[in-house]
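With chain A fixed as given, assemble chain B onto it according to the hints.
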Amino acid sequence: SQTIHQWPATLVQPVGSPLSLECTVEGTSNPNLYWYRQAAGRGLQLLFYSVGIGQISSEVPQNLSASRPQDRQFILSSKKLLLSDSGFYLCACLSREGGTEAFFGQGTRLTVV
Amino acid sequence: GENVEQHPSTLSVQEGDSAVIKCTYSDSASNYFPWYKQELGKRPQLIIDIRSNVGEKKDQRIAVTLNKTAKHFSLHITETQPEDSAVYFCAASKGGFKTIFGAGTRLFVKA
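Residue numbers (my numbering), protein chains in the order written: chain A, 1 to 113; chain B, 1 to 111.
Next up, chain A with everything else stripped away, as it sits in the complex (with noise of 0.2 Å):
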């Protein structure tokens, strides 16, 4: 089955640093990959998702950025953090091995100072 790992679990980031998030999936080969963000009280927003390696596609403009170099990677990104990252960001991951149930990383909680 399906393991998602994302780290790092808690991220504390003054205004105006940079952000890395990594997601890496086991278990499936050529999943479709996707970034969520939740705010604190509110549903889960499609940030990006990922058909293959290099495929990026954006849902919302953002100071976000991602980016898939292998299969099973997927990496969030900022060059300058701004107060409104602040969030619970959530990697997920759809096999396309016959399931259609997505699975999710432990989430990260991103608190931008």
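A couple of the hints might just be wrong.
[Unchecked claim] Facing chain A, according to a computed beta carbon distance under 10 Å, are these residues of chain B, among others:
(1) G41
(2) S74
(3) T78
(4) P82
[Claimed, not checked] Some chain B residues flagged as far from chain A (calculated, every beta-carbon gap over 10 Å):
(5) Q6
(6) K22
(7) Q45
(8) L46
(9) E56
(10) T65
(11) K71
(12) A91
If you are wondering where the hints come from, they were derived from the structure by calculation, not from laboratory data.
For glycine and all other residues, C-beta sits at the position ideal for the given N, C-alpha and C.
Chain B only, in chain A's frame:
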């Protein structure tokens, strides 16, 4: 673009009562409708799902109904228990690709 609306945003019920959460979706091509439960500080986890060729699905105390014509689907929890307290998300997708989530419903079950 695709959109999923979810109501209510907060729901408080007495232990043993039923809880109903409703969602509507905009993309008529959506064919897969999962429901996720998220406990505080944890990742969302799938609790039940339904595909567009089925109108209703039940798993113990949880059931989901789908009205494709009206683009509505609902989650029903019967005999609620305190451990059912969590945030519930509905979602819609085409074959699971690019799952779009509702805003979530915070369910409180009072003992």
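Self-check item: Closest CB of chain A to the CB of L46 of chain B still more than 10 Å away
Solution: 5 Å, violated
Quiz prompt | Hinted contact P82 of chain B with chain A - closest CB pair below 10 Å | solution = Because about 21 Å separates P82 of chain B from the closest Cβ in chain A, which is outside the 10 Å limit, the hint is violated.
Exercise. Closer than 10 Å between Cβ atoms is the bar; does S74 of chain B clear it against chain A? Give me holds or violated.
Key: 17 Å, violated
Self-check item: 10 Å Cβ clearance of Q45 of chain B from chain A
Solution: Nearest chain A Cβ is 7 Å from Q45 of chain B, so the label is violated.
Quiz item: Is K22 of chain B truly not at the interface, in the sense that its beta carbon sits beyond 10 Å from all beta carbons of chain A?
Solution: 15 Å, holds
Quiz prompt | Closest CB of chain A to the CB of E56 of chain B still more than 10 Å away | solution = Nearest chain A Cβ is 18 Å from E56 of chain B, so the label holds.
Quiz prompt | Non-interface label on Q6 of chain B, tested against every C-beta of chain A at 10 Å | solution = Violated: least Cβ distance 7 Å, not greater than 10 Å.
Quiz item: Can we trust that T65 of chain B is non-interface, i.e. its beta-carbon lies farther than 10 Å from all of chain A?
Solution: 19 Å, holds
Practice problem: Go through the hint on G41 of chain B and say holds or violated, using the shortest Cβ distance to chain A against 10 Å. | Solution: 8 Å, holds
Quiz prompt | Assertion that A91 of chain B lies farther than 10 Å from chain A (Cβ) | solution = About 8 Å separates A91 of chain B from the closest Cβ of chain A, which leaves it inside 10 Å; violated.
Quiz item: Holds or violated: is the Cβ of T78 of chain B closer than 10 Å to a Cβ in chain A?
Solution: 23 Å, violated
Quiz item: Would K71 of chain B pass as off the interface with chain A, using Cβ distances and a cut of 10 Å?
Solution: 18 Å, holds
Hints 2, 3, 4, 5, 7, 8, 12 from the list above are not met by this structure, while the remaining hints are.
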